[in-house]
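Q: Chain by chain, the residues run as shown.
Protein chains: 2
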Amino acid sequence: MPYFIGGVTADHHNLVARTPAEFKSMNDIDVLTRHEVLSIQAEDHTVTVRDLSSGREFEVPYTRLLLTTGADAVVPPVEGAGLEGVFTLRRLEDSVRIKEFISGHRPRRSVIVGGGPIGMEMCEALAALGLEVTVVEAAGQVMPYLSPEMASKVQARIEAEGVSCVLGQKVEGIEADGRGGLRGVATAAGDIAADLVLMAVGVRPSTRLASDAGVELGVKGAVKVDGRMRTSVEDIFAAGDCATTSNTITGLETWVPLGSTSRKQGRVAADSMFGGSPDFPGVQGTSAVKCFDLTIGRTGLDQKQATDAGFLPAVVEIEADSLHEYYPGRDSMSLKLLADGESGRLLGAEIVGRVRSIAEKRLDILAVAIGVGMTADDLQYVDLAYAPPYSTAVDVPIIAANVMTAKIRGSGCGCDTHGLS
Amino acid sequence: MPYFIGGVTADHHNLVARTPAEFKSMNDIDVLTRHEVLSIQAEDHTVTVRDLSSGREFEVPYTRLLLTTGADAVVPPVEGAGLEGVFTLRRLEDSVRIKEFISGHRPRRSVIVGGGPIGMEMCEALAALGLEVTVVEAAGQVMPYLSPEMASKVQARIEAEGVSCVLGQKVEGIEADGRGGLRGVATAAGDIAADLVLMAVGVRPSTRLASDAGVELGVKGAVKVDGRMRTSVEDIFAAGDCATTSNTITGLETWVPLGSTSRKQGRVAADSMFGGSPDFPGVQGTSAVKCFDLTIGRTGLDQKQATDAGFLPAVVEIEADSLHEYYPGRDSMSLKLLADGESGRLLGAEIVGRVRSIAEKRLDILAVAIGVGMTADDLQYVDLAYAPPYSTAVDVPIIAANVMTAKIRGSGCGCDTHGLS
Chain L
27 MPYFIGGVTA DHHNLVARTP AEFKSMNDID VLTRHEVLSI QAEDHTVTVR DLSSGREFEV
87 PYTRLLLTTG ADAVVPPVEG AGLEGVFTLR RLEDSVRIKE FISGHRPRRS VIVGGGPIGM
147 EMCEALAALG LEVTVVEAAG QVMPYLSPEM ASKVQARIEA EGVSCVLGQK VEGIEADGRG
207 GLRGVATAAG DIAADLVLMA VGVRPSTRLA SDAGVELGVK GAVKVDGRMR TSVEDIFAAG
267 DCATTSNTIT GLETWVPLGS TSRKQGRVAA DSMFGGSPDF PGVQGTSAVK CFDLTIGRTG
327 LDQKQATDAG FLPAVVEIEA DSLHEYYPGR DSMSLKLLAD GESGRLLGAE IVGRVRSIAE
387 KRLDILAVAI GVGMTADDLQ YVDLAYAPPY STAVDVPIIA ANVMTAKIRG SGCGCDTHGL
447 S
Chain D
27 MPYFIGGVTA DHHNLVARTP AEFKSMNDID VLTRHEVLSI QAEDHTVTVR DLSSGREFEV
87 PYTRLLLTTG ADAVVPPVEG AGLEGVFTLR RLEDSVRIKE FISGHRPRRS VIVGGGPIGM
147 EMCEALAALG LEVTVVEAAG QVMPYLSPEM ASKVQARIEA EGVSCVLGQK VEGIEADGRG
207 GLRGVATAAG DIAADLVLMA VGVRPSTRLA SDAGVELGVK GAVKVDGRMR TSVEDIFAAG
267 DCATTSNTIT GLETWVPLGS TSRKQGRVAA DSMFGGSPDF PGVQGTSAVK CFDLTIGRTG
327 LDQKQATDAG FLPAVVEIEA DSLHEYYPGR DSMSLKLLAD GESGRLLGAE IVGRVRSIAE
387 KRLDILAVAI GVGMTADDLQ YVDLAYAPPY STAVDVPIIA ANVMTAKIRG SGCGCDTHGL
447 S
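Heads up: the protein sequence lines correspond to chains L and D, in order.
Quick note: the numbering used here has the first sequence finishing at residue 447, numbered continuously throughout.
Quick note: the numbering used here has the second sequence finishing at residue 447, numbered continuously throughout.
Pulled out of the complex, with its shape left as it was, chain L reads as follows (with noise of 0.2 Å):
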């Protein structure tokens, strides 16, 4: 969505997957829009249906349910919240009202509220429009899921795009100019002029129905599931950003909203439901997004998780380049590497790297890696695809591992594999 209203996707229906015509023609799928389920009758296997257009109520019944009410954005408990030029995004309708607002009302400063991924995008896709933009987010830093000095990259980064940033305060109050319009926000620091405020400090899961029916809630109230994505409630099942999932590092309930998951869930879901037995094995947070020109990812666990699940976490940060020096199109990118100090598991991994750096490609091998277990000294020999225009000889993953081996074996940084190109 942010890249519909950044204008990088001229047409908001490319965003559907899939319309509820194409569900039905291609997989006989009856897909109902503007109907609410109001209930969940779990005892006689039936839902309560409203059609929204001509407010009918119907039952309507089942052998297996699976939730997927998905994740709200929170808004948080300010005065002027309820403003016209105050969003959330979260929901396609959303896009297309800012965009109509943006048309509408040709507001000329924004302020983001949250300085996390969706702040992070909508902060390219406003200034792509030409307002100007301040995040304003709680925490001390941007990102907040990466560590302060991968953080303080991206915010020197969006500093140099010309978007301000009031770092370490709450949004207190927003307040309406008068004449139909906003006038800013107040925060503790002062105000901020704003004729666009966007709320952007995350989501919480859509589970009212789950409780109302009496089924289990989870971690950040999340609809608790299994590997096979089974509720508490027999024939009830949840996928999705509304359900939990296990951290597979850790093993330690968690939940972690992303399409990527989603989609996951959904067909262990559907085979779960069909009688298949397939395991979701869980997640470890992986997740990138892009601002401007940089590349921000990060995968497993940061090191105050990492001390907390017992580890002993050693940690080396990298600059590297993406290509020899010969050969055009490089460009840089800062790794940070987490394993533990002990059996060299590899833990978890930050990257900010230019977009040109195809930094994603490293964060997805170290994905991987970090996935299935592998140690730092596994790592230094894992056999990647080199030529010229994809990478140096020896990639950047590898260098972070030799440096790590380095390390943990106490042997110096390492350091001599950077200059070589």
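Treat the hints with caution; some may be incorrect.
Note that the list lumps identical chains together, so a pair holds whenever it fits in one copy or between two copies.
Stated by the list, open to error - Derived SDA-like pairs (lysine to any residue); straight-line CA-CA distance at most 25 Å:
1) 125 x 354
2) 330 x 116
3) 179 x 45
4) 50 x 358
5) 246 x 94
The set of hints was computed from the structure by calculation and includes no laboratory data.
A quick note: this is a predicted structure, and the numbers were derived from the prediction, not measured.
Got chain L sorted already, so can you dock chain D onto it with the hints?
A: Using the frame of chain L, we list chain D on its own:
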């Protein structure tokens, strides 16, 4: 070197990772160029060296000796192979000679003998310089290390760029024009006019020194080494293109001369020579090459290798886009995935995609997955980084794993995942 010849890289000095002077100043390592080692006296722990400038010969003692003699280009024993205008491309001076020949003689028509990776890179380089290019390949397809279906995609692309392919033909001779230039190459299928001929039929390990010293040779005549790069002779080690390695999937001794492997073996050898005990686990034959706007790569076993190793290979081939339809810059790739039909263990992959599709990312994800012995089922759940600029919500390797899993389970092709964006 193809990038230097083709003009992508302006200065061939940039192709030298580190000069002798840099070795000296950075690491206090003496590098003697224009010196040839004539023989190794293993019992005495000395080598006999000739200074090629002065002709002086002298002995150099060693405690431990590392052979990194590399590989030499194979020149087919055909008449005319020594004519001016006939080249191999292996050493830096070869590329300088080719470049000088082209600027000095302005050849119009070129024949590349050999349709492997070097041949493909040189197609692009010579075409970029405006030469007509004909590839003559003894096998019935270009890129003999790919399956015929995948190779045909490469052939179609290079033919669209104006390259002619003469397949299933060997060069029987190279003829001079009697005026100091070339007339062309002779094949059983007829003569092909050429002003420049590049022999790119492969390389063989350079092992005369080693074998003269009584060092045991292994597969393909390469210096036989163990995981610690030790040869059969005490205190003599070998690494890089002159040395054997093992295939990590089959465990068999193999010889796959590639820069990425050399660099890893070099590190292991250095550690091993100084008493460390790292073990180079081997390679799985991952490689990639760019040719025009195609990225071509493979990793792991092909069907024949898999069958020979006792697996029962199941194969799926998918066409997939790199990005969702709504995000600009997406492009397509063909991915062939091989797994054991019984255990589901991933065995190999081939990929041919547009450069813009970042097919090498998918290849590297698969390389790691195959290297650690993942099954197709496991690969379905790898937690890769998703954002619209980088991939579809379910990235290509996972789609292939979905299709493979469905195929192995016998429940259809699973192709419904394809149409979804």
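Q: Hint by hint, note whether the structure agrees.
A: So, going through the hints one by one against the coordinates:
no., hint, verdict
1, 125 x 354, "between (38 Å within a copy, 19 Å between copies)"
2, 330 x 116, "neither (29 Å within a copy, 50 Å between copies)"
3, 179 x 45, "neither (40 Å within a copy, 33 Å between copies)"
4, 50 x 358, "neither (47 Å within a copy, 27 Å between copies)"
5, 246 x 94, "within (16 Å within a copy, 58 Å between copies)"
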